[in-house]
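Participant: The primary structure of each chain is shown beneath.
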Amino acid sequence: MRQALPSKRPLWILLAAALLFHTLLFSLQSSRGVDSGRVRHWLLDSLARIEKTADVAIDGVRGVWQSYFALTGVRSENEVLRSEIDRLQMQLARQSEDVLEAARLRRLLDLQEPSLGKTVVARVVGRDPSPVRSHLTITIDKGRNHGIRPDTSVMTPAGVVGRVISAGDSFSIVQLIVDSQSAVSVMVRSTRRQGIVRGIGTRDLKLEYIDDDSELKEGDELITSGLDRVHPKGLLLGVVTQVKPGAGLLKDVTIRPAVDLGRLEEVLCITEPPKEAPVPASVSNSR
Amino acid sequence: MYRIRTVTTIGRFVMTFAAVVVVQGVLPHHFRVFSYFDLPLVLCVYYGFTLNRPGASILIGSALGLMQDSLSGAVMGTNGFSKTLIGFLAASAGGKFNVDQPIARVLALFLFSLADGLVVSMLALVVGDAAGPAFDGAYGARLLSAAFNTLLGLVMLGYHDRLSHATT
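Chains as they are written, first to last, in the working numbering: chain A, 2 to 288; chain B, 61 to 228.
Hints may contain errors.
What the hints assert, rightly or not - FRET-style restraints, in silico, Cβ to Cβ:
hint : chain 1 : residue 1 : chain 2 : residue 2 : range
1    : B       : A207      : A       : W13       : 50 to 60 Å
2    : A       : I197      : B       : A164      : 42 to 52 Å
3    : B       : H90       : A       : S77       : 35 to 45 Å
4    : A       : L269      : B       : I163      : 43 to 53 Å
5    : B       : R72       : A       : E266      : 52 to 62 Å
6    : A       : E273      : B       : L223      : 49 to 59 Å
7    : A       : E219      : B       : L223      : 55 to 65 Å
8    : A       : G235      : B       : I163      : 36 to 46 Å
9    : B       : A207      : A       : L269      : 37 to 47 Å
10   : B       : R72       : A       : P11       : 17 to 27 Å
11   : B       : T68       : A       : F22       : 40 to 50 Å
12   : B       : L223      : A       : K245      : 30 to 40 Å
Simulated from the structure, these hints should not be mistaken for laboratory data.
Glycine residues also receive a C-beta, built at the ideal position from the N, C-alpha and C atoms.
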């Protein structure tokens with residue numbers, strides 16, 4: 002492979018030009034706050050299209066495998082599932098009473114039906130291709146054409162997934178809540194204490210800036226507070242898994258996300274947040 | 061005629077790169093082990109060593125990095141900058157040293173992997189990358205990734221050797 006190279010001057014010029022191009026590209030984005038230029042949108046839309054095709058193909062192969070070749074143990078699994086259905090039906094019957102009661106109480110309090118606002122279902126077609134940082138961003142097959150914009154909240158029925166950081170016409174990139182630059186404003190469901198949950202680049206999260214952490218205990222659920230104006234209030238974010246003394250005054254609190262972010266298939270994007278429910282006069286007067 | 065052939069070659073290269081970058085994004089979504097591979101980086105080194113054309117290696121690195129940036133949450137240009145440098149350095153190393161020896165290849169691939177991570181992280185810190193720096197304590201994972209990249213690079217270069225021997 003060793004060969005004498007020709008004159009190097011044009012080479013240095015080419016290298017300098019390429020490096021200058023990239024330097025200008027990220028300098029413009031960081032200095033002017035342009036989070037996603039036309040180059041990114043165009044590349045995202047073109048590449049993610051191929052990405053979606055590849056994803057569908059892999060899913061197809063996996064589907065054939067699971068449908069025809071991996072059927073061992075289906076009978077026993079079927080029996081387990083049937084008993085699970087029976088148990089869940091009984092539970093459903095019990096809980097439908099609770100739902101009716103809640104609806105009656107809500108009418109009494111003159112509250113609107115809770116809603117997520119306008120949502121769009123999107124399919125996850127890819128993940129961050131760079132190593133180590135993988136699972137911190139995902140690519141979804143919906144974009145500006147479907148009403149998605151930067152800072153659109155993304156979730157699953159289990160809880161919050163992240164927010165859109167770049168939206169092309171048909172595809173978008175979602176920053177997961179475990180990303181080291183992610184921060185979500187939250188409150189403890191039981192005590193209503195507010196704080197900020199930060200990603201640390203691993204599968205867990207850290208709770209910071211909570212005004213009083215003395216009542217925190219393992220198993221406490223954290224929900225979004227809505228103060229960050231990205232995620233609507235009341236979405237489940239995670240559960241406290243560890244509370245230990247920290248280096249400073251505050252405790253070191255570890256959170257496990259409610260959503261298994263390694264197994265995302267479809268997500269829900271909140272394109273129009275719900276309108277704030279009016280606070281009933283009886284409640285506001287009592288404050 | 062020459063121009064048409066050049067355009068076709070460039071088009072084929074771009075399509076291959078696009079497929080590679082995309083596959084790099086799709087496979088980790090289904091199989092977690094693939095997240096340790098950095099196929100664009102391995103390709104940069106591979107073409108740097110085998111093409112003997114530093115100019116082409118610079119352009120290849122630049123294009124691969126840009127595609128990688130566009131599909132990740134990283135600021136556009138960070139991976140492009142790093143892969144451009146790696147492409148140039150790999151081509152220079154291929155021209156000046158004997159990179160046919162496995163030991164030299166292992167060393168080069170491993171060091172280029174670590175250097176790429178370092179450059180991307182430093183740039184991310186400088187520009188305040190929205191997706192965060194990559195070197196925030198994940199040293200073990202970074203070393204593992206470098207080992208995976210080295211292994212993949214060795215296989216690809218070995219395959220290239222067999223092909224070139226078969227044709228000569």
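Participant: None of the hints should be skipped; say for each whether it holds.
Facilitator: Comparing the hints with the structure gives:
1. A207/B x W13/A: 50 to 60 Å: violated (33 Å)
2. I197/A x A164/B: 42 to 52 Å: holds (49 Å)
3. H90/B x S77/A: 35 to 45 Å: violated (27 Å)
4. L269/A x I163/B: 43 to 53 Å: Given range 43 to 53 Å: holds, Cβ gap about 52 Å.
5. R72/B x E266/A: 52 to 62 Å: violated (33 Å)
6. E273/A x L223/B: 49 to 59 Å: Check passed, 56 Å falls within 49 to 59 Å.
7. E219/A x L223/B: 55 to 65 Å: holds (58 Å)
8. G235/A x I163/B: 36 to 46 Å: Given about 59 Å between the Cβ atoms, the range is violated.
9. A207/B x L269/A: 37 to 47 Å: For A207/B and L269/A the Cβ distance comes to about 38 Å; the hint holds.
10. R72/B x P11/A: 17 to 27 Å: holds (24 Å)
11. T68/B x F22/A: 40 to 50 Å: violated (25 Å)
12. L223/B x K245/A: 30 to 40 Å: The hinted range 30 to 40 Å is violated for L223/B and K245/A, with Cβ atoms some 57 Å apart.
Violated hints for the displayed structure, listed by number in ascending order: 1, 3, 5, 8, 11, 12.
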